[in-house]
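Dock chain Z against chain V, hints included.
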Amino acid sequence: MRTRNQLAWGRVHRFTHDVLMPRDVDEAASALRGATQPVLGYGRGRSYGDSCLNEGGLLLDSRYLNRFLSFDAATGLLRAGSGVTLADVLACQCRPDRDGSAWFPAVTPGTRWISLGGAVANDVHGKNHHRMGSFGGHTRALTIMRQGGRTKQLSECDEPELYAATIGGLGLTGLIIDVTLQLRRVPGLMLLAENVRFGNLDEFYALSAESEPGWEYTVAWIDCLATGRSLGRGIFSRANHIAGPIGPTASLDNSASIGLTPPISPLNRLSLRMFNALYWRQLGWRKHARRVVPYPAVLYPLDALDGWNRLYGPRGFYQYQCVLPQATARAAVAELLAEIAKSAQGSFLAVLKTLGESRSPGLLSFPMPGTTLALDFPNRGSTTLLLLERLDAITRAAGGRLYPAKDGRMSAASFEAGYPTLSRFRKSVDPAFSSSFWRRVGGDVVPSRSASSARAMAESW
Amino acid sequence: MLGATSAIAEACARVWAMQGARLFLAGRRAEVLSAIAADLRVRGAEAVAIWAGDLSDVAVHPELIAALTAALDSPDVVLLAWGTLTEQARAEDHPDYAARELTGNFTAPIALLLGLTPAMVAGNSGVLACITSVAGERGRASNFVYGAAKGGLQRFLEGLRHRLHRHGVTVLDIRPGFVATPMTAHLAQSGPLWAEPHRVALDIVRGIERRKPVVYAPWFWRWIILVVRCLPRFVMHRTSL
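If you read the sequences in order, they're chains V and Z. Residue numbering for the first sequence follows our numbering, beginning at 1 and increasing consecutively. Residue numbering for the second sequence follows our numbering, beginning at 462 and increasing consecutively.
Excised from the complex, chain V in its bound form (with noise of 0.2 Å):
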C-alpha cells in the first residue's frame, strides 16, 4: 500500500489516496476485503473532475489488469480486462486484412488513452452517436467484483438491474474486472473526412441535419468568443471509413508531449482570441475540405500532444459538458453560447454534436436525445465558478443535464435534476464503494433518512 496524491485530468482535484494496484482477481479481492475505508476503481484517470477520485479512501488502480482473455476473429467478440486501454485494442484488434477491412471499436471517444472499465464506467460515447450510440450499448457481459470481494457476472440477462447500473454507473456498483465487448466490421482504416464551414447556429442545425444520414463521425468547433449574427459558428467535421490500405498511421506513442506544467498558461484571452479567429479561418475562402486521413487523425487530435492538459497552467482547467434534449436544444446553445462569449472565458476546442435516438443502456448514462455542447475553461477561481453555475441553470431550466465525467462542481439539485433514474441507480451502489464525486452531489446520503441512519444501515450491510 502506498499513498499517492492523485490529480484528475481537469489537475484542478488534487487529493491524497491510497492506492493498490492488484494483478488479478486474488489481489484485488483481498484488497477489497482489507479496505476500512471507501474503494474507487481507476482506471487511467481521464475523468476530468472528481468522479475518477476518492479523497482519503482507497484507489484500486486497474493498470495491471490489462491482458486479454479471448478474441474471436470471426464474430468480433473481445473479452479484456477492465485495464486494457483503447490504444491496445486498436493495436492489437484493430489490424488490417488483406483487403483493407478490420475490426473497430462501435464506439470510441476523443482519446483512446483511457481503460476499457473507464469506458464503460462513464459510458463513453463519440462522434459516431448518432449511429452506434453509446459504449455500453456494444458490451455483451462484464464481471465486476463487489464487496467483500464476491465477483458476479453480469449481462443483460444476468443480474441486468445491476448490469444496467454499471453502465455508466461511475465506478460506484463494484470495481470492473473485465469487458467483453463486440467490435464491429470497417471497410478500412483510413477515413474521408470533410470540414465545412458554417456561418451561425441555424447553420450548424442544417448541416447536421444533412449530414447524419451519410456520415457516420460528425463533430463541430464552436468559436466561443463569436455574438449576434455568427452566434455559434464554426467548423464542422464529417467523416466515413473507407475501403483501402492504410497509409502511415500515427504509432502507438504520442508524437509530442507536455513534460512540465509552465508556470503561466499560455491559453490565455489574447491567445484564443487569435486562435479562434485564425481557426474559424483556416479553409480560406473555400467552404468545404476533403481529405483522406488515418483514424486517429480525426478520432484523436489530441493524442497527438501527450499532457495538453498541462497547457492550462498550475491551476487546471474545468470542463463543462451538457446534453440538451431535442425540443429544447436550439434556444438553449444559443443562451449558453451567448452567456459564454460574454463572459470571454471560453475556450480553444469548444464542441457542439447532436446526439442520435439510441438509447443508452445505462441507468445513469449521459447521451440522451438531442444536442451536447463541451467546452474548457480554465480556472480562474470563482469568476469561473459563478459562470458555470449560470450555465447550470440554463442547462436545467432546457432539461438537460451535465456529463459526470468531465464535472468537478455540479450541486447535488443539478445532479439530482438531470438523472431522473438516481434513485433507482442508488439501490445497486456498493456500500463499500464511493467517489469524491459522489460524496459531493450527496449520493451516498440516502434521501428521507438522516446522514448517521445511512451511515448505520450501510454499516450493517
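To be clear, the hints were calculated from the coordinates, so they are not data collected in a lab. Just so it is clear, CB atoms sit at the ideal spot from N, CA and C, and this is done for glycine as well. Some clues are possibly wrong.
As the list claims (entries may be wrong) - Going by beta-carbon spacing under 10 Å, a handful of chain Z positions derived as facing chain V:
1) A482
2) R489
3) A491
4) V493
5) V503
6) L648
Unchecked claim - Coverage of chain V stretches by chain Z, computed from C-beta distances (three or more under 8 Å per stretch; other residues unrestricted):
7) 57-71
8) 145-157
Frame of chain V; chain Z shown alone:
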C-alpha cells in the same frame, strides 16, 4: 522468456507477440503464465508454450532447457528477466536472506546461461539477453546486496559475450533504471526518472534488434550512472545514494 511473469518481460513479450513471434514462457506461477499466454495469443503470437517451475532452483534447469529446445529448437532470442528487489536492511539483519537473494539474482541466472550456451553455440546465431540493473554499477549504501548480484552478473555477461562472439551469438546486458512495476510498487513511482514497462520494453526490443551489447533503458541512465560512477569517494560518502 525466462522469468516471463515479470512486468518488463511481459511487456517485451507483447511487442514480439504483435510481430507474430513464437514464444516460450517460463516462470514460477502456472496460472499467471496461462493468463499471459492467452493475452499474447490475442495480441498476435503465432504460438505460445509455457513451463512452470522455480527458476532459482538450479536442479530443474536441465528440464527447463529441454522444454525450451523442444518448443523452439534454436531460439532467436533468449531473455532472462527474473530477479527480486532485495531489501537492503533485511539483508543486513539476516545474512541467510541475503544469501538466498544472491542465489536468485546471481547464481541461478549464471547456471542457466551456462546451461543454454551449448544450444546457442550449436545454432551459431541468436541473442542471449539478460536483465541486470543500473544498481550493479557502483556499490551504494542503499542497495549493495542487490547491486552486488547484478554487478557480478554484468561481469559474467561481459565474459560470456567474449566467449560467444566467435560463434555469432550476441550477449546483451540490459540495465533498466526505475521502472513502474509491481516489483517497485512500494516506492512512489513518480517523477521524470520513472518509466512505464512498455517504454522500457520498446528500448529492450530495439537494443536486441540492433545487437547492442549494453542497453540502458531508458537511454538517459547511461549518463546518470556515468556521473554516479565518476563521483570521487569523498563526495560519494557524503550522499545517501
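Here is what the structure says about each hint:
{"no.": "1", "hint": "A482", "in the structure": "violated, 14 Å"}
{"no.": "2", "hint": "R489", "in the structure": "violated, 14 Å"}
{"no.": "3", "hint": "A491", "in the structure": "violated, 13 Å"}
{"no.": "4", "hint": "V493", "in the structure": "holds, 7 Å"}
{"no.": "5", "hint": "V503", "in the structure": "holds, 4 Å"}
{"no.": "6", "hint": "L648", "in the structure": "holds, 8 Å"}
{"no.": "7", "hint": "57-71", "in the structure": "holds (count 6)"}
{"no.": "8", "hint": "145-157", "in the structure": "violated (count 0)"}
Hint compliance for this structure: hints 1, 2, 3, 8 are broken, all remaining hints hold.
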